[in-house]
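Participant: The chain contents come next:
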Amino acid sequence: MYSDSEKNFITHPKGIMSWLFTLDHKRIGIMYLIAILTAFAAGGFFALSLRLELFRPGEQFLTQDQYNKFFTLHGAIMVFLFIIPSIPAALGNFLLPLMLGAKDVAFPRLNLASWYVYVLGASFTLFSVFTGTVDTGWTFYSPYSTQTSTSVISMTLGVFILGFSSIFTGLNFIVTVHKMRAPGMTWYQMPLFVWGTYATAMIQVLATPVLGITLLLLILEKVGGIGIFDPKMGGDPVLFQHFFWFYSHPAVYIMILPGMAIISELIAVHSHKKIFGYRLIAYSSVAIALLGFFVWGHHMFVSGQSEFSSMVFSFITFFIGIPTGIKIFNWMTTLVKGHICLTTPMLYALAFLICFTIGGLTGVFLGALGLDIQLHDTYFVVAHFHYVMMGGTVIAFLGGIHHWWPKIFGKMYSELWGRIAFVFIFVGFNMTFFNQFMLGSQGMPRRYHDYSSFLKTDLFERYHGFSSYGALILGVGFIIILCYLVASLFNGKPAGNNPWGGLTFEWSTTSPPPTENFKKDPVLKHGPYDYDKVLPKDIEEN
Amino acid sequence: MNERTFNLPPPASTIAGAYDELFYFIYGLSVFFFVIITVGTIVFAIKWRAKKGEEQKLTSGFCHNTPLELLWSIIPTVLFFVIFIWGFKLYLRYVVIPANATEIKVTAWQWNWNFAYPEGAESNILVVPKGKPIKLIMSSNDVIHSLFIPDFRVKMDVLPNRYSSMWFQSDYEGEYDLYCTEYCGQQHSKMVTRVHVKSASDYTKWIEENSVTPTGDVLYKRYACNTCHTLDGSAGNGPTFKNLFGKSETLTDGSMVNVDENYLRESILEPQAKIVSGFEGSVMPTFQNTINNDKLDALILFIKSLKEE
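In the order they appear, the protein sequences are chains A and B. Taking the working numbering, the leading residue of the first sequence gets 1, the next gets one more, and so forth. Taking the working numbering, the leading residue of the second sequence gets 1001, the next gets one more, and so forth.
Everything labelled a hint here was simulated from the structure, so no lab data went into it. Everything hinted at is true.
Sample of chain A residues facing chain B (criterion: CB under 7 Å; computed from the structure):
no.: 1; residue: P231
no.: 2; residue: F318
no.: 3; residue: L350
no.: 4; residue: F365
no.: 5; residue: M438
no.: 6; residue: S453
no.: 7; residue: L455
no.: 8; residue: D532
All C-beta atoms, glycine included, are put in the ideal place defined by N, C-alpha and C.
Please model the entire structure based on the sequences and the hints provided.
Facilitator: Right, dumping it as structure tokens:
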């Protein structure tokens, strides 16, 4: 893979212990990448099993109990073990110091600790899989979660621990952005990836404690019989929903803001064009992060919360649509008068614009008070959040992986296979989820193991069947990506410092970067997207 | 009756028409904006695509255009206000229940529904007269459930610690699906029943037929005993009812019990008290608040009748 003469962060120092005790943000980023991709594979396995079970009405190969456990595990693993840490902890860890021109994050030991805390939390979650698993859905709604006999405690304890890992990373990033920027780099000269990661870190630090407290209360109720949520003990189940969504709605923005952050980089770099409306994109990330704290009640329009609350939550929800819309128009307009290279990462960025727009527009249906009544808890919601989480974040994550892979490992992957896999992912994703909008608005409820006793079974079977074929295509796409990325490590061409023609600091150092990131201390000479002033080949090597 | 559209089931309640108007208004806007963004993205990406082998030059510094930016900030904002107000007005139609509505009491439990009518009848399907506003007053015996009738465009959570209510009026006779849409445990996907909209005379007839205490075989289905207890001797999630009466059963703690009237009564009211060996982990709910003495007698009589001499 790498010759001994090369001295970069991967080859030097050597030995497994040098990885396990590393304080290098790049190595921790790679360790996170391996961990979250393992989680993604597990979550994907459960997803595919669910789709195959739903291929036809009636029981196929999963019993009711297995199905209920599988969708819980799919949701919990994808949300808590994959998507929340995915971009910030893996790519963010690797890139944030590089983009700022720093040697490392502000607290390298805290950074390593966050990885170990993640592994500990993941172990508790896995433990619950082997001790009978959980069948509550990833939302753990009380009183069902209080009453079920499955291992809710080890699962929620796992999520509780994972929260600390998220808080550590967030804290670290906030301090890093404030304190470690290279000389000359003002706030408005930071790459937009940094802005997005910064806004995300804010939510991680402020919202995660509420989830921790909520899950701790749930555990206290189950173990100590203290009535908080279960009405049998004098509690209130709607209170649980308020607490849960007070974290979990901002968490949606922990998931999507880093995706948006990647897209800003990808579109500017591969169009070699100054990004349109830099400040508005940066402000809208912060605006989304702030507004995200005041809309949790839109998950509860039919829960029995007061009509007045529902009205207020619906009103605020629409205000999140405005900065989101502005971002999309800005990205689209960035393409104008560019020098656009349709590379694999750029294809993912363009796919993001299309898929995420569908995710955003269908959110308008759900935010409108009266309309949510029909669509709540149906496949319409399932399709909507998969368009945002998968069509948004996962597509952006894939784009980011393809964009920075040459920087991280110093090797180019096969562009041809990259494009083939892209087609599989794009077609497979849309086939799986687009028809679920119709499935949902026609009335198909979520979390149903079987739909054979309906009056509309035939109609639903057509939609479900199509979805399942899409999921298979999607699965093939991921396997292709895994194959050519691993192959590139062994036979990929050397990437060079700056294969795509970027202007930010990470492209000014070698690929893979040396342990100390830069050979000399970088000084900012131009803005991150000054393609009208500087040619990428002329940037100073650091 | 109206036809089913591509996205929504045939509108079968009085509110469905208003619902569908807003739905298709947003749908139209969504298609419009989706086309703008998709076409824009693809056209720009092709038009300003780098030619093969072309040397990279400095590109335009175009990164601001105040009129354009105001346009795409203000137009969506105005549209969002319109949609919010429209959505809220539609919502008011849902929450303001007509004073003359007929009240039906809904009880939900894992995993069945019970509908109690003002005239005294009860059933596990929802039967309503056409052309009359119906108010459902709902509560749950255990966890949270949610009552959803897609063809009527109505849904409301059913909670264990308070009453929730909703209303609808259907002017079309027919049969419609009713789902539970809040995940409620093992047999959530079996918590499906039907709504029957009947003409006034058929409704009155149905109420009369169902007001007398039903026989045990009717109760066996109404209380969904049939999901776990078979009649043909095969084991389900619980013991079969065939030849059950008079049998000696081993319990989970090793003791023996004779299946008589008192054991059956106890098992219906307190299912977890004495569980037959082999059925550990059974999740049968209590019928303490659901069943009265007459119905209990009828059900026990029914189980007795399944003993072959």
